[in-house]
Amino acid sequence: MDIADLAALEEIKRLKYRYLRCVDTKDWDDLADALTEDAVADYGTPTYGKPLLLTGREAILEFMRTTLGPEIVTTHFASQPEIDIDGDRATGTWAFQDLVIATEHRVVISGAAFYEDVYRRGEDGRWRIAHTGYQRTYETTHSLDDLPSFRLTANRWAPAPTAAD
Amino acid sequence: MDIADLAALEEIKRLKYRYLRCVDTKDWDDLADALTEDAVADYGTPTYGKPLLLTGREAILEFMRTTLGPEIVTTHFASQPEIDIDGDRATGTWAFQDLVIATEHRVVISGAAFYEDVYRRGEDGRWRIAHTGYQRTYETTHSLDDLPSFRLTANRWAPAPTAAD
Amino acid sequence: MDIADLAALEEIKRLKYRYLRCVDTKDWDDLADALTEDAVADYGTPTYGKPLLLTGREAILEFMRTTLGPEIVTTHFASQPEIDIDGDRATGTWAFQDLVIATEHRVVISGAAFYEDVYRRGEDGRWRIAHTGYQRTYETTHSLDDLPSFRLTANRWAPAPTAAD
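Chains as they are written, first to last, in my numbering: chain A, 1 to 165; chain B, 1 to 165; chain C, 1 to 165.
Simulated from the structure, these hints should not be mistaken for lab results.
Each hint should be verified, as a subset may be incorrect.
[To be verified] With a straight-line Cα cutoff of 25 Å, these simulated BS3-like cross-link-like pairs (lysine-lysine) come out: (1) B:Lys13 x C:Lys13; (2) B:Lys13 x A:Lys13; (3) C:Lys13 x C:Lys26; (4) C:Lys50 x C:Lys26; (5) C:Lys13 x A:Lys13; (6) A:Lys26 x A:Lys13; (7) A:Lys50 x A:Lys26; (8) B:Lys26 x B:Lys13; (9) B:Lys26 x B:Lys50.
[As the list claims (entries may be wrong)] Derived contacts from chain C toward chain A, CB cut-off under 7 Å, selection only: (10) Leu6; (11) Ala7; (12) Arg14; (13) Asp24; (14) Thr75; (15) Ser79; (16) Pro148; (17) Ser149; (18) Leu152; (19) Thr153; (20) Asn155; (21) Arg156.
All residues carry an ideal CB built from backbone N, CA and C; glycine is no exception.
Chain A with its partners taken away, still in its complex shape:
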């Protein structure tokens, strides 16, 4: 590995971290620039009852905007990058865990998987995600009502309390 490889490695890791942060903070505008225009997402969750194959940046963003509103808390937590760089193209595997709390439906979905990504460096010298997808190691669901004492004590998406509360 030379200095250019090490720098590219850091850039690609940072790209992935930005993508993950934007998903969990619902920052769809900033997320857009992390994806190539023709990006493909192939999320291996059974949550929607059918394969979730999204083709093109706009389709991915549209999916996020419409399914991940303020009633859905998500955390995606990734580590363990194994990245191979070949010129302006790279592939990467990551372990991740995710947790979804559907606050209105009082349901938790959690699981783990390995991402299989492809990255491309554009003419502007910046890396973007060209393909992302994963195969589940496992996924589980349960109702919050199974835990009688459960309370959600902080929620980034909850309306701020008002004087009337």
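Following the hints, complete the assembly by docking chains B and C onto the known chain A.
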């Protein structure tokens, strides 16, 4: 990025990992040197019913020593560093998950957040944390008694069994 | 840190990520080459009721093959590497969380710990794990039956559904 940037990046990541390890192993002496003397911690947890703003290394350590005794198991797990270096100052965002088991109260608190940190490189050439804080994505609590079969099978802070046990 | 140190750091991190991925995907053949022939594993889990000290690559692989069959879902998730390199030997500390779902016994085991590893670079220039082990911060267990609504919705190791399902 040049070699000095890459090296600084590794030093800052390692500093954060040391901070996190010291918190979870309750190694307050080693933690001290990870903080600048004027370090500020602004932890965004609602656990204490009021904002938790700690000013100065001594105030941070005093808080840790008095609230995180052997009856409190903690894990703080961070990944996804997005670090910007500007001379001897740097900023960093990290995703993290934490879990607190209050073994005597039989309560679990868990959550996720994004750290927003500031780092400073001192005259001795070492980076330290000058500011740390976070905004919760979510935080939850429940009683261990909600899970009738729950058992804590290992606990670093439990007294060693004696011949009488 | 010079360029050789930074490259070695990346190689060692990647070695660990490969080890972790191979364990959770049950890829025992690929796991073999991540270990030195005389590798020692000293896993600090109380699950087996006695210390789990495995001496030699073959003993480690034999343990994995016989105890981690398709009825056991595992995820090992590590971050926070603190690695020191000294020539062709290195030591590393990592934070990790693990989750085991014994699908037939309907039991979950989860916990966190800090790995304490030793790595060696062989005559072929490749780093391998010479020693791995950990001390638990905590470990817990509970039955899936404590959560009446719990469902395992995806499982990499479940038999594929057939027309009769």
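Consistency of the hints with the structure:
| no. | hint | verdict |
| --- | --- | --- |
| 1 | B:Lys13 x C:Lys13 | holds, 13 Å |
| 2 | B:Lys13 x A:Lys13 | holds, 13 Å |
| 3 | C:Lys13 x C:Lys26 | holds, 20 Å |
| 4 | C:Lys50 x C:Lys26 | holds, 24 Å |
| 5 | C:Lys13 x A:Lys13 | holds, 13 Å |
| 6 | A:Lys26 x A:Lys13 | holds, 20 Å |
| 7 | A:Lys50 x A:Lys26 | holds, 24 Å |
| 8 | B:Lys26 x B:Lys13 | holds, 20 Å |
| 9 | B:Lys26 x B:Lys50 | holds, 24 Å |
| 10 | Leu6 | holds, 6 Å |
| 11 | Ala7 | holds, 4 Å |
| 12 | Arg14 | holds, 6 Å |
| 13 | Asp24 | holds, 6 Å |
| 14 | Thr75 | holds, 4 Å |
| 15 | Ser79 | holds, 5 Å |
| 16 | Pro148 | holds, 6 Å |
| 17 | Ser149 | holds, 4 Å |
| 18 | Leu152 | holds, 5 Å |
| 19 | Thr153 | holds, 5 Å |
| 20 | Asn155 | holds, 5 Å |
| 21 | Arg156 | holds, 5 Å |
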